[in-house]
Each structure stands twice: as C-alpha cells, then as structure tokens.
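Q: The chain contents come next:
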Amino acid sequence: MSINHTDNKPSDAIGSRTGMWLFLYTEIMLFGGLFVLYAAYYRMYTADFTGAGKELDLIMGAVNTVILLVSSFAVAASITAIQQKSKKIALAFLGFAIFLGFVFLVNKYFEWGHKIDLGIFPNSPVMADSPHGRVLFFSLYYTITGLHGIHIIIGMTLLTVVMAFIMADKITAQKYVFLENAGLYWHLVDLIWIFIFPLFYLIY
Amino acid sequence: MDNTNTEVIDKPIKSFYETPSPARFTGISSWLLTIDHKRIGIMYMVSVMVWFVIAIILGLLIRTELMATGSNIMEADTYNAIFTLHGVIMIFLFVIPAIPAIFGNFLLPIQLGTDDVFFPKLNLLSWYLYMLGGLLAILSLFADGPPDTGWTFYVPFSVSTETNVGLTVTAAFILGMSSMLTGLNFITTVHRMRMPGMKWLEIPLFTWSLYATAWVQLLATPVLSITLLLVIFERVFGSGLFDPSKGGDPILYQHLFWMYSHPAVYIMILPGMGVISEIIPVFSRKSIFGYKAIVGSSMAIAVAGSLVWAHHMFTSGMSDVAVFVFSFLTFIVAIPSAIKVFSWVSTMYKGSILMTPPLFFSLCFIYLFSIGGLTGLVLGAAGTNIQVHDTHFVVAHFHFVMFGGTGFAFFAALHFWWPKIFGIMYNFKRAYIAAILTTTGFMLHYIPMFILGVMGMPRRYYDYLPEFEAGNFFAGIGAYILVAGLLVMFINLLMSFKDGETAPQDPWGGTTLEWSVPSPPPLHNFVDPPKIKGYPYDFTEIVKANALKKGEKEL
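As you go down the protein sequences, you meet chains A and B in turn. When the letters of the first sequence are read in order and numbered with our numbering, they come out as residues 1 to 204. When the letters of the second sequence are read in order and numbered with our numbering, they come out as residues 1001 to 1555.
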C-alpha cells in the first residue's frame, strides 16, 4: 500500500502497515459473521454437524493445511531474502508460494467436484431429503470455503503484483512494505483456513 | 484577522481549484482522477446532494400519498418500492457518507495540520465505489420490479420476493466497502499524519468524532457485508442459511443485520455531534466546556453503541434475560450522548453569543436531537417498546435523530464551512428564513407521527384507518413546509456563487487550523507550516482582536 503515497513524501512504512492491519480487522469481522452463524447452528444441530463432518475428506483437508502453512513460510522467507538484497531468491520463494496457492485451489476443485457428483450442494434433490443440520453444514461449508477460495485468488494476484514490482525494482531492500503487506494478507488467509479446517474436518 | 487578510492579497496564492493534483490532468480529468482530498470532498458533495434531492422527492411522494386514506397518487406496489428506495438512498447514500465523506475529507487533514489523507488513491477509490453503489441502486429502480423490502432487507421476504432485491443488496454491499475504506483512511491519517507536536488531546473535536466514527465503520461494516452476501447466496443458490424450511433461522439474520446497522446509527450521528462541538464554542467565543468529556463520550458511544443492537428485536423472540440486558445497555448509551448535550449548553452559558446561520442550525440540532434521543429511551425500555414497536412512533423517533440530528448538523456544517470551501459568503437573511422554515416544517411533520404511533398506526403501511387521517394530513402539510425550507436553503447557497461576497480567511473567528489558511485553501493546505497551538479552543486572541476592532470603530 506504500504505492499510494504522493510522490513528494517520504514513505511511512509504519503507516502503511497500520492501514493493512486495519484492513485485516475488517476481514476477520467478515469471516467472524460466518463463524457466528456456524456457532449458532452447531449448537442447534450438533449431531447432524458431527455426522456431516465425517463425510469430508480428512486427508485432503490436512494436505491443504500443510500446503498453506508452507506457502506462508515461503512468503515470510521472501521478505528475509529482499532484506538481504537477494532479488532472485525472493522471486523464487514468491513463485513457490503462488504455485502452492494454485495447488490448494486444485485440491479444493476436486473436493468440491466430488461432493457435487454425490449430489451434495445447496438446493439439490439429495439435500432436500437430508436433515436440516446436514443442509446447513454443507451450505456453510460451501459459503465459507468458497469465500476463502476467493481470498486465495486475491492473495495470489497480490503476490503476482509484488513479483512484478520486485522485477521492476519498485520493491527493494530499503522499501519493501508493499511486500510485507501482501505477506500479511497471505498469512491472514492462511490463518482463516487454520480455523476452517478443524470446524469442518475435525469436529466428529 | 484583518492583518492576515491583507497579507493574502499581497502575495496571491493559488487555491486548490486552480492547481490540479496530479498536475498533469486538466479539465474534467483533473477532478475524476484527482488525489487531492479537497477535490474528492467536493465530488462527494455534488454526488451526495444529488442523492439527497432524489430521496427528498421520494419522501415527499410517500407523505403526499398518506395525506388521505385510500389510493391517492400511487398504487400499493409503487408505495412499497418508494419507501424502500427512500430508506436505502437516505441511509447508504446520504446520512452515512454526508458529513465524513464531504467535510471529513475536506477538513480532517487541515485540522491535523497536514496536506492530505494517508492513502490518497484509496480515497479516490472510495468515491468510485460510492458512485458504483449509487448507480446500482438507481438501476434496481428500473430492472424488473424495484425492491419492496424496506431498507432492512429482512428475510424471509427479501429472499422470496420476486422484485430485484439482489441489485439493491449488492449496491448496499459496495457502499459499505466505500464507507469502510474511508474509515480505514481516516484512522491511519489521524495516527500517522498529525503535524509534528500535535498531541492526542490537541486534536479538534470534529476530527475526534470522525476518528471514533471510523472505528465503528471499520468494525461493524464487514458484518453487514457478509450478511448481505448471504442474502445474495440465499437468492442465487438457495443455501438455506436463513430459510426455516431448510433449518435456517431468520432471527439470526436480524441479529447480524443489526450488529452492523445499530452501530451504523452512530456512524451517522457522531460526525454530526463533532460539527456541533466545533460551531458552539466559536460563536460563544468561549472554550468548549469539557473537551476531554466530549472526546471520551465519542469513544464511549462508539464502544457502547456496538453492544445494543438487539433492542431492535424485542418483539422478534428473545430470552427475557437478553431483553433485559439489551434494554439496560441501551440506557447506558444515553449517558455519553447527554454529556455532549450538557457540554454544548454549558459552553454557551455566559459566553458572548454571536448569532449566525450555522449557530442557528446548531441550536435547532440540540433541540431536535434531544427530542429524538429522549424518545429513543421510550423505545429502549422493553415494556413501552412492545407498545409502540413498528409504529409511526419509531418513524418519528429515528427521523428526529437522523434528520433533526445528522441532517441539521449537516446543514450547520454547510453554512459553517461554505465560506472556507468556496471562498464566498451566502446571504444570512435567506439562510435564517430557510432555517426557520425547515425547523417549523420539521416539527409539524414529525410530531403528529409520535401521536399516530402511540395511537397505534403501523409504519410502512400503504393505507390506514380513518381516525389517523387528521395526523397524516398535518404531517403532509409539514412535509411541504420542510421541503420549501430546504429549497430556500439550496437556492441561497447556490446563489452565493453568483452574487456572494468574497469570504475572508476567518469569517467567524474560529481557532482550529482550517481558519488559519486561505479560503479556499491552496493545494497543500498551508501557506506557511502550521504552528502548534496546544489547546485548540483558546479564544483569547480572537476576543482581544475583536475588542481592538470595536475600539477602533468607536474612535
């Protein structure tokens, strides 16, 4: 976000980070609303929720968790690389992080695809015959992981822009707050998944 | 005062109107692509006023229809669409953005002694989001059936209705983002761009109120965003999260909706209170009473106001304990609001009052807002709430707060900062006439609604029983007087462009930093680096200068 400064001003990295943290607050509140719904419906339909949780593929979920954790590490490592002026290593780490984000989405695609093949999606005939708790569990599953997936795509776009900036030397060892902010965003997306994973895959 | 003026004339300073920023743009693109906070503020002013006028016309249509029983000028469906759009436009496109986006953008950096907001490009993006949201709202009017849910978009009706609610909900979602980003920008600016040496308790009260507002915008708006998104998912995919036939709970929608929308009324009123806190001391020539108490109460309102949402839902089905807790918390919010009212009145006590249009509007504000606030307690008390819930009493109450409060604070701000923003002075006599007409019309318009509400007339109904006819008729007359007053005000302000006198740098004798710069301000706001004043409301210099001028005249 440091790019938003007027040209004649020295950039204020702390201020840019403040802005990013404030933005992350809003993201937490956004997902917070969904988690409130989850909590309320979990209390109303506990048995249905734990039952439906068993239907999700634990291995896939665990693999995706590891993928995001590693990608978060890669982004953090790229910041260290930039600080030490190793442009190529920074680019390599960022490229790796974007690649992992892509792998995450591919996994998610197969997971969703499998569920849709089984007829599990909102408003489907299968769902019409299911108990209420199961319907809500999968509606929440699609809403929350879908919204999270959109955030992954935004994060990947952001990291791509960062890569372009590094190549154009707009991000350097002296001025890398934009990379830091993009990194913060990526970590948040990762962190949200850390909450989604147990809520859907580990609740039985 | 006069000395500084001659100085300004001696070395001509180009105002920001003549210096586009970035400098490479000219003509219309120097506005549409600008990152100057003052130009963005003026773009907001133009667009907000257009929406305000549209919503006034819609409101007047509603009241004309209600002046007599039966169908008078429209059918029931049209009526539903019109009151929905009146609400959506007034709330999301006028009351929420009016003061922060126009005056906040223009004045916050100047009051902090800096040259722009922290994220100027983000600021421009907020304006574009605002325009996009407004455009979608207008589109929803014409695409297969305007929305008819009321501005609250309550499920299950908002999910099952055939009209084009989806578009309006998307518009509200985008407008929420715009308001959120403005808040983010203001918080960062206040934290990082105060001029060197300015301490927290030296920030002018208007900026303080914007700061408190910005936190509410930031923390509450995302909850509305997700709720509206869920309504869209519900309509498109049938996800069932709020649909009882699939196990969902519509009451949860109401909780999530009011979790934003109650704090949102503080987004609407806090900047208005900030405006009044600026105007009252200037025209009392006296330091504001209880500066710290006003600062503290702004923050207290921001916090406490976020914990009272369920008082909108006393009749929706809640445990008695919840009703008790939310009713109690609602009463708590009355305390910081009252602190402000007492501080304003105490500031005027033994002050040397100078009557001007901005002060006149401020006094009307205090009176109307107090009525609005006190009737709010009637609604906050669980017992009386059930009696008047969803009646015209509620309509009267929130119009007293939103219109009598924020609306009048907006008019006061317009008349207070008009000479600063445009460098011209309007006609005082016409401004007073406008103020008297609007206030009289306002009272005649909304007081009958309190009575109708207590008598039991429900809100949002197209038709009513014959015994409510007299009240509705008088309310309609009041509406026309009110609109006449607004018309006089707008015409007066617009005519100042043609025959208004040039305004000096400090026409009122204000002490905050915006009065130490030329009217209109230059591109980087300050000709010389601003001097730190310590306490922002010290009028000794102004009083001395005035006494001196008076002495000279007598000689």
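Calculated from the structure, these hints are not laboratory results. A few of these clues could be false.
[Said to hold, decoys possible] Below, simulated SDA-like cross-link-like pairs (lysine to any residue); rule was C-alpha separation at most 20 angstroms, straight line:
#1 B:Lys1121 to A:Thr18
#2 B:Lys1246 to A:Thr80
#3 B:Lys1246 to A:Met127
#4 B:Lys1121 to A:Ile14
#5 B:Lys1246 to A:Leu158
#6 A:Lys175 to A:Ile14
#7 B:Lys1246 to A:Pro131
#8 B:Lys1199 to A:Val161
#9 A:Lys115 to B:Lys1199
#10 B:Lys1121 to A:Phe165
#11 B:Lys1246 to A:Val66
#12 B:Lys1246 to A:Tyr45
#13 A:Lys115 to B:Gly1238
#14 B:Lys1246 to A:His132
#15 B:Lys1246 to A:Met44
#16 B:Lys1121 to A:Val177
#17 B:Lys1121 to A:Val161
#18 B:Lys1246 to A:Ser130
#19 B:Lys1121 to A:Ser11
#20 B:Lys1246 to A:Asp129
#21 B:Lys1246 to A:Asn123
#22 B:Lys1121 to A:Ala13
#23 B:Lys1199 to A:Thr18
#24 B:Lys1121 to A:Thr50
#25 B:Lys1246 to A:Phe35
#26 B:Lys1246 to A:Gly133
#27 B:Lys1246 to A:Ser124
#28 B:Lys1246 to A:Gly53
#29 B:Lys1246 to A:Tyr142
#30 B:Lys1246 to A:Ile14
#31 B:Lys1121 to A:Met44
#32 B:Lys1121 to A:Arg43
#33 B:Lys1121 to A:Ser130
#34 B:Lys1246 to A:Gly15
#35 B:Lys1246 to A:Phe165
#36 B:Lys1199 to A:Phe99
#37 B:Lys1246 to A:Arg17
[Claimed, not checked] Just a few of them, taken from the derived set where beta-carbon distance is under 8 angstroms, the chain A residues facing chain B:
#38 Phe23
#39 Met29
#40 Gly33
C-beta: ideal position from N, C-alpha, C; glycine also.
Q: Each hint should be assessed against the structure and marked as holding or not.
A: Cross-check of the supplied hints:
Between Lys1121 of chain B and Thr18 of chain A the alpha-carbon distance is near 16 angstroms, which keeps this suggested pair within the 20 angstroms criterion. A distance of roughly 50 angstroms separates the Cα atoms of Lys1246 of chain B and Thr80 of chain A; the hinted pair therefore is violated under the 20 angstroms criterion. Proximity of Lys1246 of chain B to Met127 of chain A is assessed by CA-CA distance (about 9 angstroms); at most 20 angstroms being required, the pair is judged to hold. Between the alpha carbons of Lys1121 of chain B and Ile14 of chain A the distance comes to roughly 18 angstroms, so the proposed pair stays at or under 20 angstroms and holds.
Among the hinted pairs, Lys1246 of chain B with Leu158 of chain A is inconsistent with the structure: their alpha-carbon atoms are about 38 angstroms apart, more than 20 angstroms. Pair hint Lys175 of chain A plus Ile14 of chain A holds up; C-alpha atoms about 12 angstroms apart against a cutoff of 20 angstroms. Among the hinted pairs, Lys1246 of chain B with Pro131 of chain A is consistent with the structure: their alpha-carbon atoms are about 8 angstroms apart, no more than 20 angstroms. For the proposed pair Lys1199 of chain B and Val161 of chain A, the alpha carbon gap of about 38 angstroms is over 20 angstroms, so the pair is violated.
The hinted pair formed by Lys115 of chain A and Lys1199 of chain B fails the criterion: a straight-line CA distance of about 58 angstroms is larger than 20 angstroms. Between Lys1121 of chain B and Phe165 of chain A the CA atoms are separated by roughly 18 angstroms; this keeps the pair inside 20 angstroms, and the hint holds. Between Lys1246 of chain B and Val66 of chain A, the direct Cα distance comes to roughly 34 angstroms. Violation of the 20 angstroms bound is thereby established for this hinted pair. Straight-line distance between C-alpha atoms of Lys1246 of chain B and Tyr45 of chain A comes to about 12 angstroms, which keeps the hinted pair within the 20 angstroms bound.
Distance hint between Lys115 of chain A and Gly1238 of chain B is fulfilled; the C-alpha atoms sit about 17 angstroms from each other, no more than 20 angstroms. For the hint linking Lys1246 of chain B to His132 of chain A, the alpha-carbon distance of about 6 angstroms falls within 20 angstroms, and the restraint holds. Pair hint Lys1246 of chain B plus Met44 of chain A holds up; C-alpha atoms about 13 angstroms apart against a cutoff of 20 angstroms. This hinted pair checks out: Lys1121 of chain B and Val177 of chain A have alpha carbons roughly 17 angstroms apart, not beyond 20 angstroms.
Straight-line distance between C-alpha atoms of Lys1121 of chain B and Val161 of chain A comes to about 17 angstroms, which keeps the hinted pair within the 20 angstroms bound. For a cut-off of 20 angstroms, the pair hint linking Lys1246 of chain B to Ser130 of chain A stands: about 9 angstroms separates their Cα positions. Using a Cα cut-off of 20 angstroms, the hinted pair Lys1121 of chain B and Ser11 of chain A holds, with the two alpha carbons roughly 14 angstroms apart. Proximity of Lys1246 of chain B to Asp129 of chain A is assessed by CA-CA distance (about 10 angstroms); at most 20 angstroms being required, the pair is judged to hold.
Taking the CA atoms of Lys1246 of chain B and Asn123 of chain A, the gap is about 9 angstroms. The hint holds against a cut of 20 angstroms. For the hint linking Lys1121 of chain B to Ala13 of chain A, the alpha-carbon distance of about 16 angstroms falls within 20 angstroms, and the restraint holds. Taking the CA atoms of Lys1199 of chain B and Thr18 of chain A, the gap is near 19 angstroms; set against the 20 angstroms cutoff, the hint holds. Annotation: proposed proximity of Lys1121 of chain B to Thr50 of chain A is violated, straight-line Cα distance about 47 angstroms (limit 20 angstroms).
A hinted pair counts as satisfied when its Cα atoms are at most 20 angstroms apart, and Lys1246 of chain B with Phe35 of chain A qualifies at roughly 19 angstroms. With a C-alpha separation of about 9 angstroms, the suggested pairing of Lys1246 of chain B with Gly133 of chain A holds against the 20 angstroms cut-off. For a cut-off of 20 angstroms, the pair hint linking Lys1246 of chain B to Ser124 of chain A stands: about 12 angstroms separates their Cα positions. Using a Cα cut-off of 20 angstroms, the hinted pair Lys1246 of chain B and Gly53 of chain A holds, with the two alpha carbons roughly 18 angstroms apart.
Using a Cα cut-off of 20 angstroms, the hinted pair Lys1246 of chain B and Tyr142 of chain A holds, with the two alpha carbons roughly 15 angstroms apart. For the hint linking Lys1246 of chain B to Ile14 of chain A, the alpha-carbon distance of about 48 angstroms lies beyond 20 angstroms, and the restraint is violated. For the suggested pair Lys1121 of chain B and Met44 of chain A, the alpha carbons sit about 46 angstroms apart, so the restraint of at most 20 angstroms is broken. In summary, the hint linking Lys1121 of chain B to Arg43 of chain A is not supported, as the alpha carbons are separated by about 45 angstroms, beyond the 20 angstroms threshold.
About 50 angstroms separates the Cα atoms of Lys1121 of chain B and Ser130 of chain A, which puts this hinted pair outside 20 angstroms; it is violated. About 47 angstroms separates the Cα atoms of Lys1246 of chain B and Gly15 of chain A, which puts this hinted pair outside 20 angstroms; it is violated. Between Lys1246 of chain B and Phe165 of chain A the alpha-carbon distance is near 49 angstroms, which puts this suggested pair outside the 20 angstroms criterion. Taking the CA atoms of Lys1199 of chain B and Phe99 of chain A, the gap is about 47 angstroms. The hint is violated against a cut of 20 angstroms.
For the proposed pair Lys1246 of chain B and Arg17 of chain A, the alpha carbon gap of about 43 angstroms is over 20 angstroms, so the pair is violated. With 8 angstroms as the threshold, the beta carbon of Phe23 of chain A comes within range of chain B, its nearest partner Cβ sitting at about 6 angstroms, so the hint holds. Hint status for Met29 of chain A relative to chain B: holds, with the closest Cβ pair at about 4 angstroms, below 8 angstroms. Among the interface hints, the one on Gly33 of chain A holds; its C-beta lies about 4 angstroms from the nearest C-beta in chain B, closer than the 8 angstroms criterion.
Hints 2, 5, 8, 9, 11, 24, 30, 31, 32, 33, 34, 35, 36 and 37 from the earlier list are contradicted by this structure; the remaining hints agree with it.
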